[in-house]
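K.L.:
Chains as they are written, first to last, in my numbering: chain Z, 1 to 228; chain D, 1001 to 1551; chain E, 2001 to 2318; chain L, 3001 to 3108.
Since the hints were derived computationally from the structure, they do not count as laboratory data. Built from N, CA and C at the ideal position, the CB exists for glycine as well. Treat the hints loosely; a few may be bogus.
Unchecked claim - Chain Z is faced by these chain D residues, among others (derived, beta-carbon under 8 Å):
(1) 1220
(2) 1221
(3) 1238
(4) 1239
(5) 1243
(6) 1475
(7) 1490
(8) 1491
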Amino acid sequence: MSDIAAGNEHHHHHPFLQHHFEDLGQQHEASTLGMWMFLCTEILFFGGILCAYWIYRVMYPEAWALAAHQQNTLYGGINTIVLIISSLTMALAVRAAQLGSRTWQLIMLFATLIFGSIFLVVKGIEYSMHWHEGLFPGSHFTWHEHPALANKVQLFMCFYWGMTGLHALHMVIGAGLLLWIIGRSWRNDFGPEYYAPVEIMGLYWHFVDIVWIFLFPFLYLIHGVHHG
Amino acid sequence: MTTATLHDVRLSGASTSRNYINDEYGALSWLLTKDHKRIAILYLLSISVLFVLGGFFAMMMRIELLTPAGDLLTSDTYNKFFTLHGVVMIFFFLIPAIPAVLGNFLLPIQLGAKDLAFPKINLLSWYLYMAAAIIGLVVIVTGGVDTGWTFYTPFSTQYSNTHVFGTTFAAFIAGFSSILTGLNFIVTIHRMRAPGLTWYRLPLFVWALYATSVVMLLATPVLAITLTMLMVERTIGVGFFDPSLGGDPLLYQHMFWFYSHPAVYIMILPAMGVASDVVAAFTRKKIFGYRFVAFSSLAIAFLGFLVWAHHMFVAGISVYSALIFAFLSFFVAVPSAIKVFNWTATLYRASVSWQTPMLYILGFIGLFTIGGVTGLFLASLGLDIHVTDTYFVVAHFHYVMVGGTVMAYLAGIHYWWPKITGRMYPEWWARLAALLVFVGFNLTFFPQFILGYLGMPRRYHAYAPEFQVLNVLSTAGASVLAVGYVLPIIYLVWSIWFGRPAGPNPWGAVGLEWTTASPPPKENFHETPVVTWDAYDYPAMMKAMGETQNV
Amino acid sequence: MMVADFPLWPDQASSFAKDVDNLYIFLIILCGAVSVGVFLTIFYFAIKFRRRPDNEIAQDYEPPKLLEVMWIAVPSVIFMGLFVWGSWLYFHLARVPDDALDIYATGKQWMWKFQHPSGQREINALHVPVNRPVKITMASEDVIHSLFFPYFRTKADVLPNRYRTMWFQATKTGRYHIFCAEYCGTLHSGMIGWVEVMEPADYQKWLAGGTEGSMASQGEQLFQKYACNTCHTNDATGRGPVLAGLYGKDITLSNDTVVKADDNYIRESILNPQAKTAKGFQPIMPTFQGQVSEDDLMKLLAYVKSIGPAATTKGTPQ
Amino acid sequence: MADTHHEQLEHAPHSHVTGLGVYFAVFFALAIGTLLTWYASTIDLGMWNTPVALIIATIKAVLVILFFMHVIHSTRLTWVVVVASFLWLGVLFVLTFADYLTRGWAMK
């Protein structure tokens, strides 16, 4: 027992070790585990609306294909690539932190922020186009191409705006967090011993990327439009 | 080593000078605290206020229902009161009550940790809870909401003229508070256990909180997205569940109950954990079938996710899926039965003390059993058609939620009150209150089973005259119950100043929380404890006590 | 009302009331025994083994582990039995007899509207003959309601935009409650009525009282009023499918899937015709969404049914 | 001594540094997957269009989770958390669809 008491006194007092943890290892494990738990709730959060989306997709396949056909595949595709690049730069930023390179950390974090912003700008352009085309659900919704399916196309657009909107909101939050991480990185807070915040930031960013990996085919690429 | 450590159970913590309460002073030291114990106190205060508010709505309803005609309140007011009763009691009392108050206070101590894994997030949980509560209060003051706590569409999205958005937003925020609490607990249990504290040495309260947290984490996000979709639909006028677009209101119900059925287990699982700890302490015995009880918590958490559509047997789901859900619903009762039988078996050849916490738990076991077996009526498909949406359901879930959760919450408050405040409550008054709660509860809710079978539907402001006798009985019971609830508030507050000092271990109970001072020091333990004994190892402790002549 | 002084269940006024009550009574006995057993056992143990000076420490006794197996296995077996019993009843309630009398119900905030095939309409009251299966086809005009007949032990939620059916066979003449069991707004508790179970002869007499013609014939008039008959002609020359003999048949759609021409298909084809166009026809029919009330929809449905195959192949109901 | 109390826990941050090659390989796989899923949507695969899109998206997601999010080098507990979230999502989908897909079944 005295052995243990002695052990407890031998903390290496790292400035970012919180008082209630035994050591940085425990702290790192706890925080990444916490982030994974949070992502688990995010999976079920997006999963809920996805489930609803799929129920209706199975009920109204024609309307779903027709509505997806209205989306701009080029913009969606560009955004997918942009987001994948940003995921790569994020992963490289974590690697730079692990290896203790402040310069590469900052470069990669900035790159991530820039690609994330490009994504949001493209998304904004798409939104404004849809808005002017009258594809926002509600009293101003306009649809003439196939009037019998108008209601269900509107239902699809609810999901389009809802799902991409939630995703974009996550992107905005992610960009804010990136700014904060960049600030800390600038102060040279991170190194091989302590990089949990960068890693957690990365987990979040990759998760947002994964959501888009699913949203792109679900909302833009539904095969099967029969023009009758 | 065993004896040495158990020896400490009686001796350590004698120094009461510095503790978490008097460590710092001033309002800010409480509002900005990261100490899990202080946050638990913040929760205790806010939850108590909301419990009284929810109770007020209940009492007004019971008074209205004295007569068949709707004469005291208008229909709209009555509808708002039952909605607010449900919203306040479920989202602001039952879900956070045991985890956020007792769990927050005790989990780190029972684990031998200095705090939860994420103290700042813990404080954030409380602020989110308060934000939600304040939005809820604003809604109440500015006119309320009348959709029922279930917010069924299309009534909530297109027909109600009340504050649906504000209320669902409040529930949404409260959900985040609950998610963060669950997350914090799981990480803490995995990563912050004291040396030697293996999984099978954990108190069953910890197991129960673990199972609860899993449900919080996996179910609450689906509520969040469902309410988000509802809020969007309410705001832009069309949306996801809108029948005129081809949307299906039953889809809302599916998604809502995917959360709200498991939420029932968020409310009852911690209560079962309290019951296990209290039964062990007041029988001085290890819980019979410890591992069965521990794993039955996890089994409930898992099976609880597979049964949600039993709320929808008459709603228009397919007959075949109703069969699946009914089948699974029966089996969620098995782990609950395991617990009840194991608690009962623990009493055999025990040393049963009739102190207040045990009184509540004895009541809990009986009432929870009634609540559980009446669930079988509702799982039996053909019978459910008749009794669903009637007072039978109301009685059933009050037996589980009030007879179960609230009784266990009161048991836990009394059991750990000496630890939390360092003072004993007055035993005689406490026993009287326990008796009043038990009698008042049964008088209130038992008649409602009969009312339900007679066909009185839920949420009725005015009712057919032949239902009056039973309703009067129920209201009479509610007033007894109200007295039973007011008494503890009075004597517990009284005891903070005038109660007998408790000492570290007034019950002679085993558990890390009883090895530290009452109230505990800010860091919980002066040095990290090393655990070498099993949970509820009373024989070993009694032996240690005998050896030190310190009875 | 034949309410005893202190009844424990309502009168058994339908063919399955007795079945439901039997399961109820069985469960009361079973669950009562379990609950009372648990209560008595805990209090017996709590008193017998109460803490006394010679009993400060619990005896070091572990009951046999076999108990655990027992109280997992025994409830499981009982639950299987209950599941089968309850499901048997549920299927019984879900399976509508072929010869049932058709009645149409509309729920709206806050009243019940019923229409009889012969054309009678009533609000918050329903007249039915005794000892004859009655099938109710229901829809809501606004929010979700639930049509509840406690004396018949049955209820079903009434949904907007979708037909549902329920059935019962009243076995006792008399006057029984109708409740709305799904909360639907301000006057939810006022959305109540009476079902009057009559001798068949009395029911016929009641039916003979003033009417604007049968539902089917009113439907036929609407069929002409909305000019449906210009396309849905009686021979295969029209621009729309022939409706005679159509009801209940399988239909191949333009995308080659097959659907059954049931109540909900007819309903959707009127309100949103291009959603499921029959194969070989152009999607040219205009939508009638918002133009036909729920009541009129039901009349049109009754008309399509009346010219369905059942009208020619099946004999008159007993 | 301080580190022996935590069964699954090593004391230093588990600092497995993934090689640059792996990151770039995953990136190219993701990019190719994106092009592939776009291409697949332009041709008629009969009933296979939806499954193909789903399979490609799932593979991409798994790659991100395993390599970018380092799950492949993480503790068992992390695996459990990841698998559990998808399992529960599966419960939501399967049981909800159990209702919708059987609504049309006739009563015998």
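K.L.:
Run every hint past the structure and note whether it holds.
P.N.:
Hints, one by one, checked against the model:
Satisfaction of the interface hint for residue 1220 of chain D is found here, the shortest Cβ-Cβ separation to chain Z being roughly 7 Å, below the 8 Å cut-off. Nearest Cβ of chain Z to the Cβ of residue 1221 of chain D: about 4 Å, under the 8 Å cut. The hint holds. Checking residue 1238 of chain D against chain Z by beta carbon gives a least distance of about 5 Å; that is within 8 Å, so the hint holds. Below 8 Å, beta-carbon pairs count as interface contacts, and residue 1239 of chain D has one with chain Z at about 5 Å; its hint therefore holds.
At its closest, the beta carbon of residue 1243 of chain D sits 10 Å from a beta carbon of chain Z; the interface hint therefore is violated under the 8 Å criterion. The criterion of a C-beta within 8 Å of any C-beta in chain Z is not met by residue 1475 of chain D, whose closest approach is roughly 40 Å, and the hint is violated. For the restraint placing residue 1490 of chain D at the interface with chain Z, the shortest Cβ-Cβ distance is roughly 36 Å, beyond the 8 Å limit, so the hint is violated. The interface hint given for residue 1491 of chain D is broken, as the beta carbon of that residue sits about 34 Å from the closest beta carbon of chain Z, more than 8 Å.
This entry does not satisfy hints 5, 6, 7, 8, going by the numbered hints stated previously.
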